[in-house]
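Colleague: Quick mapping for you: the protein sequence lines, in order, are chains A and B.
By the count of the numbering used here, the first sequence reaches residue 292 at its end, each step adding exactly one.
By the count of the numbering used here, the second sequence reaches residue 674 at its end, each step adding exactly one.
No wet-lab data here; the hints were simulated from the structure.
Given the structure is predicted, the values throughout are model-derived calculations rather than measurements.
Some hints here could point you the wrong way.
[Unchecked claim] Mimicking SDA-like on lysine to any residue, the simulated pairs with C-alpha atoms at most 25 Å apart in a straight line are:
{"hint": "1", "chain 1": "B", "residue 1": "517", "chain 2": "A", "residue 2": "19"}
{"hint": "2", "chain 1": "A", "residue 1": "257", "chain 2": "B", "residue 2": "424"}
{"hint": "3", "chain 1": "B", "residue 1": "499", "chain 2": "A", "residue 2": "19"}
{"hint": "4", "chain 1": "A", "residue 1": "133", "chain 2": "A", "residue 2": "31"}
{"hint": "5", "chain 1": "B", "residue 1": "538", "chain 2": "A", "residue 2": "19"}
{"hint": "6", "chain 1": "B", "residue 1": "532", "chain 2": "A", "residue 2": "19"}
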Amino acid sequence: MSILIDENTKLVVSGLTGREGSFHSLRNRDYGTNLVAGVTPGKGGQDVDGVPVFDTVAEAVKETGANTSMVFVPARFAADAALEAYDAGCKTIVVITENIPAMDMARVVPYIRASGDATLIGPNCPGVLSPGKANVGIIPPEIAKPGSVGLVSRSGTLVYQIVYELTEGGLGQSTCVGIGGDPIPGSDFIDILSKFEADPETDVVVMVGEIGGDAEERAAEWAKDNMTKPVVAYIAGRTAPPGKRMGHAGAIISGSKGTAAAKTEALEAAGIRVAMNPVEVAELAVKAHASL
Amino acid sequence: MDLFEYQGKEVLRRFEVPVPEGRVAKTPEEAAEAARGLGGKVVVKAQVQVGGRGKAGGIKLAESPEEAATVAGDILGMDIKGHVVKRVLVERAGDIKDEYYVSFLLDRSERNFLGMMSAEGGVEIEEVAVSNPDAISLVHIDPLLGFSDFHARKLVFGANLAPEARGGALEMLPKLFRAFVELDASLVEVNPLVLTGDGKVVALDAKVTLDDSAAYRHSIFEELKAAHEIPEQERLAKEKGLNFIKLDGDVGIIGNGAGLVMSTLDVVKDAGGDPANFLDVGGGADADVLSAGLEVITSNPEVKSVFVNIFGGITRCDLVAQGILDALSRLDMKVPMVVRLDGTNAEEGRKMLADQPHDLLIPAETMLGAAATAVELAQKGA
Numbered sequence: 001m002s003i004l005i006d007e008n009t010k011l012v013v014s015g016l017t018g019r020e021g022s023f024h025s026l027r028n029r030d031y032g033t034n035l036v037a038g039v040t041p042g043k044g045g046q047d048v049d050g051v052p053v054f055d056t057v058a059e060a061v062k063e064t065g066a067n068t069s070m071v072f073v074p075a076r077f078a079a080d081a082a083l084e085a086y087d088a089g090c091k092t093i094v095v096i097t098e099n100i101p102a103m104d105m106a107r108v109v110p111y112i113r114a115s116g117d118a119t120l121i122g123p124n125c126p127g128v129l130s131p132g133k134a135n136v137g138i139i140p141p142e143i144a145k146p147g148s149v150g151l152v153s154r155s156g157t158l159v160y161q162i163v164y165e166l167t168e169g170g171l172g173q174s175t176c177v178g179i180g181g182d183p184i185p186g187s188d189f190i191d192i193l194s195k196f197e198a199d200p201e202t203d204v205v206v207m208v209g210e211i212g213g214d215a216e217e218r219a220a221e222w223a224k225d226n227m228t229k230p231v232v233a234y235i236a237g238r239t240a241p242p243g244k245r246m247g248h249a250g251a252i253i254s255g256s257k258g259t260a261a262a263k264t265e266a267l268e269a270a271g272i273r274v275a276m277n278p279v280e281v282a283e284l285a286v287k288a289h290a291s292l
Numbered sequence: 293m294d295l296f297e298y299q300g301k302e303v304l305r306r307f308e309v310p311v312p313e314g315r316v317a318k319t320p321e322e323a324a325e326a327a328r329g330l331g332g333k334v335v336v337k338a339q340v341q342v343g344g345r346g347k348a349g350g351i352k353l354a355e356s357p358e359e360a361a362t363v364a365g366d367i368l369g370m371d372i373k374g375h376v377v378k379r380v381l382v383e384r385a386g387d388i389k390d391e392y393y394v395s396f397l398l399d400r401s402e403r404n405f406l407g408m409m410s411a412e413g414g415v416e417i418e419e420v421a422v423s424n425p426d427a428i429s430l431v432h433i434d435p436l437l438g439f440s441d442f443h444a445r446k447l448v449f450g451a452n453l454a455p456e457a458r459g460g461a462l463e464m465l466p467k468l469f470r471a472f473v474e475l476d477a478s479l480v481e482v483n484p485l486v487l488t489g490d491g492k493v494v495a496l497d498a499k500v501t502l503d504d505s506a507a508y509r510h511s512i513f514e515e516l517k518a519a520h521e522i523p524e525q526e527r528l529a530k531e532k533g534l535n536f537i538k539l540d541g542d543v544g545i546i547g548n549g550a551g552l553v554m555s556t557l558d559v560v561k562d563a564g565g566d567p568a569n570f571l572d573v574g575g576g577a578d579a580d581v582l583s584a585g586l587e588v589i590t591s592n593p594e595v596k597s598v599f600v601n602i603f604g605g606i607t608r609c610d611l612v613a614q615g616i617l618d619a620l621s622r623l624d625m626k627v628p629m630v631v632r633l634d635g636t637n638a639e640e641g642r643k644m645l646a647d648q649p650h651d652l653l654i655p656a657e658t659m660l661g662a663a664a665t666a667v668e669l670a671q672k673g674a
């Protein structure tokens with residue numbers, strides 16, 4: 001199976017006509033993703049390398065049956081583009097754009113979540129890759145191979161690093177999900193862990209967190225009672241100083257909250273082994289897989 | 293962006309939140325002038341973005357303009373937890389009957405807004421949360437619904453404010469909330485919120501954090517930012533579009549992606565070293581960006597070795613290698629550089645480096661091996 005995206009994904013991209021948008025969307029298509037449409041207001045009727053462009057997502061969905069959206073538009077238009085994709089009926093919406101004002105996401109995220117029938121991934125994320133099936137986003141797919149490890153991460157480059165280590169270690173992946181580095185992500189660890197728990201093709205889960213917020217602590221608490229599959233973890237930013245925003249808008253230790261130590265402790269208390277570095281977390285996954 | 297207290301009060305005033313009358317001064321003379329303008333007793337407050345000013349001697353009373361000049365002279369230039377005081381806020385001193393706490397912030401876990409109020413003002417709210425959690429009244433506010441009068445009542449009555457403070461607080465809370473939302477703030481904190489002798493409720497302090505991502509829709513952000521001094525190295529980095537934070541060690545770090553760079557700092561520390569900085573060149577960095585990053589890092593004389601840790605995704609390792617070679621020929625590099633390349637076009641990149649060997653260039657196979665080498669070199673060079 002895999003989660004979120006697969007061979008049935010029909011992708012519409014908001015911002016397909018942009019430089020980054022077209023580059024990555026066409027790369028996704030090259031990988032085998034069924035890229036059916038692009039949306040740029042005012043450019044309806046054009047095409048990008050044969051992919052039809054529409055003025056609205058609603059029109060794109062009506063004409064092509066798109067069920068998944070990728071948002072690649074600049075920050076000031078991105079929250080609106082996510083809402084438009086939701087309104088048009090897309091069930092999976094992946095927002096790659098970074099630097100979207102938190103106030104916007106504070107409205108968009110609860111609104112889409114309350115619907116219960118659509119999943120928002122991101123913003124400020126590398127996207128989703130189901131090896132061998134579909135790629136929606138900017139994760140380089142060459143390093144991945146189909147398999148049974150589910151990976152969920154706040155960081156993008158750590159997805160690449162760990163996928164690479166897993167593949168080197170002989171383990172393929174069911175789906176790799178970058179949930180993004182923002183304070184209010186559309187989906188959090190618990191959302192993705194529960195999808196992996198329900199996915200028959202996934203048998204080990206790697207969770208990659210970082211400093212800031214308490215998403216890892218909440219996930220640990222949830223996993224204790226709800227995950228039957230083994231989970232291993234890694235937390236980046238053990239040595240980060242408090243009060244400094246480490247690149248990601250969400251990666252900041254506020255007062256005594258959000259430290260890697262607190263997250264590690266919570267995960268370990270839930271029986272989740274926490275690696276010291278990205279190389280070791282792949283090794284833990286290999287071991288967990290071998291002992292199944 | 294964290295605002296200075298005087299800036300926070302300035303923006304709150306625009307939303308009709310009552311704040312004491314005050315003026316900013318950069319010299320003792322200006323402080324005296326401000327005190328004269330205000331008349332009577334004043335309080336002189338260091339403007340630094342760090343807590344604990346009072347304890348450090350950064351807040352003082354003055355009875356006269358002359359005394360205001362004297363205490364301003366003491367406070368200006370003072371180093372408070374590494375922050376040098378460049379400005380003081382001179383405010384009319386009021387008669388304080390009671391001190392409270394109030395804040396609005398973005399609640400990441402609940403995906404909504406959180407309002408907090410407490411009758412225990414003037415102390416860190418985190419301390420109150422530990423010592424007396426029942427003293428804090430909390431309300432979660434649905435961003436789609438906004439702030440309703442009952443939220444204000446829940447806060448004010450829940451926090452058990454003095455009866456004569458209730459009216460003023462109930463009137464102020466919606467204004468404070470409006471400021472929080474309309475300014476794209478992630479935090480608006482007033483501690484203490486005071487009840488004055490004449491029964492008014494006034495924001496005696498203001499801590500406001502604005503969301504930099506929203507700068508495009510607030511012309512005022514640029515203006516506020518101008519008062520913030522950015523260290524030379526950070527300014528240089530920002531100009532070149534790099535995400536840079538200075539740290540205290542001697543191993544310079546460059547990587548792509550915030551998570552990988554954080555992780556790189558961790559493995560350097562584990563190898564017994566101390567990172568000199570956080571530097572994320574971002575996705576899709578080309579030769580120019582890499583070369584600029586190396587320039588920023590090596591402008592710090594403390595740096596004794598550099599660790600370049602790249603996992604190419606959108607970023608192409610051949611372009612990274614080009615940037616490293618450019619930097620070696622363009623800059624007067626004095627410290628060794630350990631380079632680990634993996635991912636997109638890594639083989640091409642490694643080959644480019646191997647084809648042009650240089651004394652200061654040490655290719656490494658793995659992230660952990662590279663960290664160990666970089667730390668060893670820094671220790672030798674120290």
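Colleague: Quick one, are residue 499(B) and residue 19(A) close enough, alpha carbons at most 25 Å?
Modeller: violated, 40 Å
Colleague: Is residue 133(A) within 25 Å of residue 31(A), Cα to Cα?
Modeller: Since the Cα atoms of residue 133(A) and residue 31(A) sit roughly 8 Å apart, the hinted pair holds (cutoff 25 Å).
Colleague: Check the hint pairing residue 538(B) with residue 19(A) against an upper bound of 25 Å on the C-alpha distance.
Modeller: violated, 33 Å
Colleague: Tell me if the straight-line CA distance from residue 257(A) to residue 424(B) falls inside 25 Å.
Modeller: holds, 18 Å
Colleague: With a cut-off of 25 Å on the C-alpha distance, tell me whether residue 532(B) and residue 19(A) pass.
Modeller: holds, 21 Å
Colleague: Run the distance test for residue 517(B) versus residue 19(A): straight-line Cα separation, threshold 25 Å.
Modeller: violated, 31 Å
Of the numbered hints stated above, those contradicted by the structure are hints 1, 3 and 5, listed in ascending order.
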